[in-house]
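J.: Okay, here's what each chain looks like letter by letter:
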Amino acid sequence: MSKSEIKIRELKDTDISVAADLMLRLKKLNGEFDSIFNVSDGAKAEAEQILMNTLKDKAKHLAYVSERDGKILGLIVINLIHRCYYEPEMEARIVDFYIMPEGRRTGTGKGLVDRTYKELKARNVKLITAEFPALNPIAMKFYKGLGFREIVGIYGKMLE
Amino acid sequence: MDDTTRTEEYNQKAIRYSEFYKGKVQIVSKVPVRHLQDFSVWYTPGVAAVSRKIAENTDLSFELTGRWNSIAILTDGTRVLGLGNIGPEAAMPVMEGKSLIFNFLGAVNAVPIPIRTKTKDEFITVAKALEPSFGGFNLEDIESPKCFFVLESLQKTLSIPAWHDDQLGTACITLAGLINALRVTGRKIADSKIVLLGSGAANIAAAHLLFAAGFKEGNIVMADSKGVLEPEREDMDSLMLNNPWKYQLAMRTNSERLKGPAEVAFKGADVVISASKPGPDTIKKDWIKTMNNDSILFALANPVPEIWPEAAKEAGAKIVATGRGDFPNQVNNSLVFPGVFRGVLDARAKGVNFDIMVAASYEIANFVKDPSQDRIVPTMEEWELYPRVASAVASKTVEMGLARKANSREGFFKNAQEMIETNRKMYIRLMDEKIIKELPGGDNVEK
Numbered sequence: 001m002s003k004s005e006i007k008i009r010e011l012k013d014t015d016i017s018v019a020a021d022l023m024l025r026l027k028k029l030n031g032e033f034d035s036i037f038n039v040s041d042g043a044k045a046e047a048e049q050i051l052m053n054t055l056k057d058k059a060k061h062l063a064y065v066s067e068r069d070g071k072i073l074g075l076i077v078i079n080l081i082h083r084c085y086y087e088p089e090m091e092a093r094i095v096d097f098y099i100m101p102e103g104r105r106t107g108t109g110k111g112l113v114d115r116t117y118k119e120l121k122a123r124n125v126k127l128i129t130a131e132f133p134a135l136n137p138i139a140m141k142f143y144k145g146l147g148f149r150e151i152v153g154i155y156g157k158m159l160e
Numbered sequence: 001m002d003d004t005t006r007t008e009e010y011n012q013k014a015i016r017y018s019e020f021y022k023g024k025v026q027i028v029s030k031v032p033v034r035h036l037q038d039f040s041v042w043y044t045p046g047v048a049a050v051s052r053k054i055a056e057n058t059d060l061s062f063e064l065t066g067r068w069n070s071i072a073i074l075t076d077g078t079r080v081l082g083l084g085n086i087g088p089e090a091a092m093p094v095m096e097g098k099s100l101i102f103n104f105l106g107a108v109n110a111v112p113i114p115i116r117t118k119t120k121d122e123f124i125t126v127a128k129a130l131e132p133s134f135g136g137f138n139l140e141d142i143e144s145p146k147c148f149f150v151l152e153s154l155q156k157t158l159s160i161p162a163w164h165d166d167q168l169g170t171a172c173i174t175l176a177g178l179i180n181a182l183r184v185t186g187r188k189i190a191d192s193k194i195v196l197l198g199s200g201a202a203n204i205a206a207a208h209l210l211f212a213a214g215f216k217e218g219n220i221v222m223a224d225s226k227g228v229l230e231p232e233r234e235d236m237d238s239l240m241l242n243n244p245w246k247y248q249l250a251m252r253t254n255s256e257r258l259k260g261p262a263e264v265a266f267k268g269a270d271v272v273i274s275a276s277k278p279g280p281d282t283i284k285k286d287w288i289k290t291m292n293n294d295s296i297l298f299a300l301a302n303p304v305p306e307i308w309p310e311a312a313k314e315a316g317a318k319i320v321a322t323g324r325g326d327f328p329n330q331v332n333n334s335l336v337f338p339g340v341f342r343g344v345l346d347a348r349a350k351g352v353n354f355d356i357m358v359a360a361s362y363e364i365a366n367f368v369k370d371p372s373q374d375r376i377v378p379t380m381e382e383w384e385l386y387p388r389v390a391s392a393v394a395s396k397t398v399e400m401g402l403a404r405k406a407n408s409r410e411g412f413f414k415n416a417q418e419m420i421e422t423n424r425k426m427y428i429r430l431m432d433e434k435i436i437k438e439l440p441g442g443d444n445v446e447k
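Going line by line, the protein sequences match chains D and F.
Under this note's numbering, residues 1 to 160 are what the first sequence spells out, in order.
Under this note's numbering, residues 1 to 447 are what the second sequence spells out, in order.
To be clear, the hints were calculated from the coordinates, so they are not data collected in a lab.
Quick reminder that beta carbons are idealized off the backbone N, C-alpha and C, glycines included.
Honestly, I wouldn't trust all of these hints.
Derived Cβ-Cβ restraints for the label pairs, each shown as a range [as the list claims (entries may be wrong)]:
1. Pro-137(D) - Gly-401(F): 32 to 42 Å
2. Lys-118(F) - Lys-144(D): 25 to 35 Å
3. Glu-131(D) - Asn-242(F): 21 to 31 Å
4. Gly-145(D) - Ile-86(F): 38 to 48 Å
5. Gly-97(F) - Asn-38(D): 38 to 48 Å
6. Ile-115(F) - Pro-137(D): 28 to 38 Å
7. Gly-147(D) - Thr-58(F): 43 to 53 Å
8. Glu-48(D) - Gly-97(F): 53 to 63 Å
Make the full structure from the sequences, and use the hints.
T.: Structure below.
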């Protein structure tokens with residue numbers, strides 16, 4: 001059975017439940033690396049809410065999915081943020097990016113990134129960043145591979 | 001005598017005999033020493049000439065020293081039998097036992113070397129450092145998934161064969177039994193649907209060996225304690241990080257994309273190979289009832305199979321194999337490793353691979369004349385088996401371009417047969433002469 005082509009398209013409201021599951025898989029993976037990111041009970045509902053907000057305000061958010069045979073294999077969510085003090089003034093921050101195991105090594109990730117770059121170029125956004133837990137080596141390797149470098153540090157600790 | 005009483009008797013004897021013999025193997029010289037002047041040849045000054053030759057061409061170490069017939073049994077003692085992580089010192093009795101079997105059945109000099117290492121990299125470093133002394137490595141009783149890292153790394157970097165018996169030996173005898181089970185039930189490899197229940201060292205290796213033997217990847221379904229392996233299972237990311245071998249198999253197998261508990265996979269399956277939790281209730285009769293007609297079940301957990309053979313047959317299984325000698329069809333590594341090592345050593349192999357293992361499995365399967373539901377594998381007493389496996393392995397090694405020494409299949413067979421027979425004669429003579437002491441407490445008489 002030959003596999004069909006992978007399509008990249010914008011997130012739709014009918015995708016929200018499945019897309020939220022992908023977000024949760026990403027969050028659970030974060031929890032694997034660092035217990036400070038243990039996923040809470042209400043996470044699914046919150047993920048759905050965040051995705052709905054993303055769809056409501058397309059000026060401030062971008063969200064794309066990759067799809068094969070009607071099945072969603074990957075998701076990227078980007079927030080467009082206005083930066084104080086610095087220029088360029090607009091920053092596109094990747095806040096969620098997950099590819100299902102079956103979609104890996106198939107060009108799915110690159111497809112989502114390319115589509116994002118294209119849209120950012122059209123919007124004249126010149127800075128892209130990605131937010132992920134410091135202890136997630138997969139994300140670190142992935143973004144370094146895309147030419148990203150560390151630009152902000154957030155340190156934290158649990159209080160007694 | 002029931003199982004518990006019998007096991008207890010074995011335990012007590014093992015301790016008593018270990019106290020008496022203080023170890024199971026020793027180094028015995030193989031050259032004549034007529035008088036002390038002979039040492040001028042065996043040792044200095046004469047020996048320096050031999051060293052000089054080897055220094056010029058290190059491959060001569062396989063011809064001018066005992067390296068060609070010596071292997072190391074390497075373990076870190078992290079997963080010894082069913083005992084778990086008991087450490088290298090406590091692993092020694094098991095490794096000595098393995099060494100005994102290697103020698104008795106395969107005429108291989110197997111040196112037991114339990115090592116104190118913590119990380120996989122440390123283990124690999126030690127193994128590599130030992131390479132110049134040996135013609136092969138048998139890895140033993142190393143915890144999963146460390147065993148996969150270690151085996152893969154050693155197979156890539158060494159120029160001698162590295163074998164992990166818990167993976168490769170078990171896989172090899174499983175395939176041999178499966179080949180005959182399919183013959184008996186009139187099935188074809190390409191059409192058979194196989195479930196691998198348990199996704200530890202043995203079944204992960206079995207999956208790769210089945211691929212190499214022509215089974216379709218998509219027709220194989222793997223399962224573990226969390227259920228059927230499939231790409232969307234919740235723990236896939238964790239597996240990708242911690243056990244990439246299992247992760248890769250989740251991607252490659254199960255084209256139907258079955259999901260859920262393990263029993264889901266039984267439905268419509270032709271074969272279940274279980275290397276899972278000891279039973280007898282790990283596999284339910286109801287699960288077997290959902291398999292295809294004339295189903296095949298390998299329940300390989302020890303000491304108690306996942307389901308008793310009788311129960312499995314009542315539920316419709318046509319062929320049942322276990323890891324035990326007191327039921328028909330004992331799937332036993334000891335049918336494999338002595339012959340495999342005899343073969344790779346005789347070919348002075350640079351490595352061993354799945355194609356060579358497939359050849360070994362077919363040789364074992366073909367050894368069984370007229371296989372039947374109660375006889376799909378040979379038994380350990382069938383002496384001809386070991387040189388047969390050795391010659392099949394050695395010939396395949398030559399064919400794959402991995403041999404340092406070529407010979408005809410017949411030549412390899414004769415050589416292996418002679419070595420094994422000579423070695424047996426030595427045992428018999430040593431026992432007759434009571435140089436190998438009789439068992440203590442008058443136990444020598446067979447009851």
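J.: Gly-145(D) and Ile-86(F), beta-carbon distance inside 38 to 48 Å?
T.: About 43 Å separates the Cβ atoms of Gly-145(D) and Ile-86(F), which means 38 to 48 Å holds.
J.: The hint says 53 to 63 Å between Glu-48(D) and Gly-97(F); measuring C-beta to C-beta, is that right?
T.: holds, 59 Å
J.: May I ask you to test the hint 25 to 35 Å on the CB atoms belonging to Lys-118(F) and Lys-144(D)?
T.: holds, 30 Å
J.: Quick one: are Ile-115(F) and Pro-137(D) within 28 to 38 Å, going by C-beta?
T.: The hinted range 28 to 38 Å holds for Ile-115(F) and Pro-137(D), with Cβ atoms some 29 Å apart.
J.: Could you check the hint for me, namely that Pro-137(D) and Gly-401(F) are 32 to 42 Å apart, CB to CB?
T.: Given a distance of about 38 Å, which is inside 32 to 42 Å, the answer is holds.
J.: Given a hinted range of 38 to 48 Å, is it respected by the beta-carbon distance of Gly-97(F) and Asn-38(D)?
T.: holds, 46 Å
J.: Between the beta carbons of Gly-147(D) and Thr-58(F), is the distance compatible with 43 to 53 Å?
T.: At roughly 46 Å between Cβ atoms, Thr-58(F) and Gly-147(D) fall inside 43 to 53 Å, so the hint holds.
J.: Determine whether the Cβ-Cβ distance between Glu-131(D) and Asn-242(F) falls within the hinted range of 21 to 31 Å.
T.: holds, 25 Å
This entry satisfies every hint, going by the numbered hints stated previously.
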